[in-house]
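Enquirer: Each chain, written out:
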Amino acid sequence: MSRFIFFLLFFPVIAQAQITLSDLGVDAKTEVPEFQLSKTEMNERHSKLKTHEVLGLTTLGFMTATLLTGNSALSSNTHMYLGFTTGALYLTTAYYSLTAPKPEGMKDKGKVKWHKALAWIHFPAMILTPILGYLYKKHEDEGKKHSSLEKQHTTVAGILYGSFALSATLMVIEF
Amino acid sequence: MKYFFLILLPFLAHAEPVAHTLKSGSAKYEVSYLTKTVRAESKAVKGKVVCESECEFLLAIPLKTFDSGDSNRDLNMQSTVEAGTYPVVTAKGKFHKELWGQKEFTMDAIVNFHGVDANYQVKVSDSGKNATFNLNLEKHKIERPSLFAVKIDNEVPLAFTFDWAP
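Those sequence lines, one after another, are chains A and B. According to the working numbering, the residues represented by the first sequence are 19 to 193, in order. According to the working numbering, the residues represented by the second sequence are 10 to 175, in order.
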């Protein structure tokens, strides 16, 4: 009897419930992120985007060297070889980005959106620059007249460098 | 019959609990790494403080509500903290009733993040409208992301703003 009374005496204290997530209107099950990848896919995404980042910066380094050797392009092959290396690195960098798994339906937002949009400028420029450079050197060696388009090799290379450097800077440096 | 009043005594003696619910709240985190300082904010902070003889509180933030302005970065954060398995970060604890209403005070909180509980000292200011503490990633068994073998800082400063409804 006395135990019963003791229980009754302390019941109000015992009955004080702790605050729970449901008191806050939070249900953990409904808070699971909408866009998800499996662990394997996420690991692949991490690995590929990390490689993309490292290769992208390496490409920028080689692109800078190519640009700096531009003045000696007719007297030496260094500019051409650096250009080939830059092109190969560029395509490898793009491969790692394009094949990285991405959650279906996820829309790009923020800097990554600009990073990707700049590819519409530097990708065509990357294709055009070596072609124009090759044609310029070929016609120079053959003593032929240069077309107006191949004379734009330097301009297109400048656009390529500017847009690619901006694209890389957006992802590396916080503004 | 003589026990009847004894039964009623705790009910009578017990003060009516006072509950404060969050009308709105925000949480900001800051992750530093080499040249970068990433900031993200969630405006979906839920919380409640119930004061009787002492005050008890619970805060909850769904991890998916943090927005850094970069979808790729938010996805990386959610993956790193395994938000699919542990979608909500919570902070709970108790503090002396007298502290509630004071301009500044420090209290202990147990933070459940990444499914791991850890104790923190939280600095509360502006009479409960702001709070700050540094989250320790390793305490919660978070594998810190890195680039060029440089990991992000282990300490992640968190800043909260609260608008309590009485």
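Heads up, some of the hints might be wrong.
[Said to hold, decoys possible] Cut-off 27 Å, straight-line C-alpha distance, at most; resulting in silico cross-link-like pairs (DSS-like, lysine-lysine):
1) A/K129 x B/K138
2) A/K120 x B/K101
3) A/K169 x A/K156
4) A/K120 x B/K160
No lab work stands behind these hints, which were simulated from the structure alone.
Enquirer: All hints are to be evaluated individually against the structure, with a verdict given for each.
Expert: Taking the hints in turn, this is what the structure says about them:
The hinted pair formed by A/K129 and B/K138 fails the criterion: a straight-line CA distance of about 32 Å is larger than 27 Å. This hinted pair does not check out: A/K120 and B/K101 have alpha carbons roughly 35 Å apart, beyond 27 Å. With a C-alpha separation of about 13 Å, the suggested pair A/K169 and A/K156 falls inside the 27 Å cut-off, and the hint holds. Between A/K120 and B/K160 the CA atoms are separated by roughly 24 Å; this keeps the pair inside 27 Å, and the hint holds.
Checked against the numbered hints above, the structure violates hints 1, 2; every other hint is satisfied.
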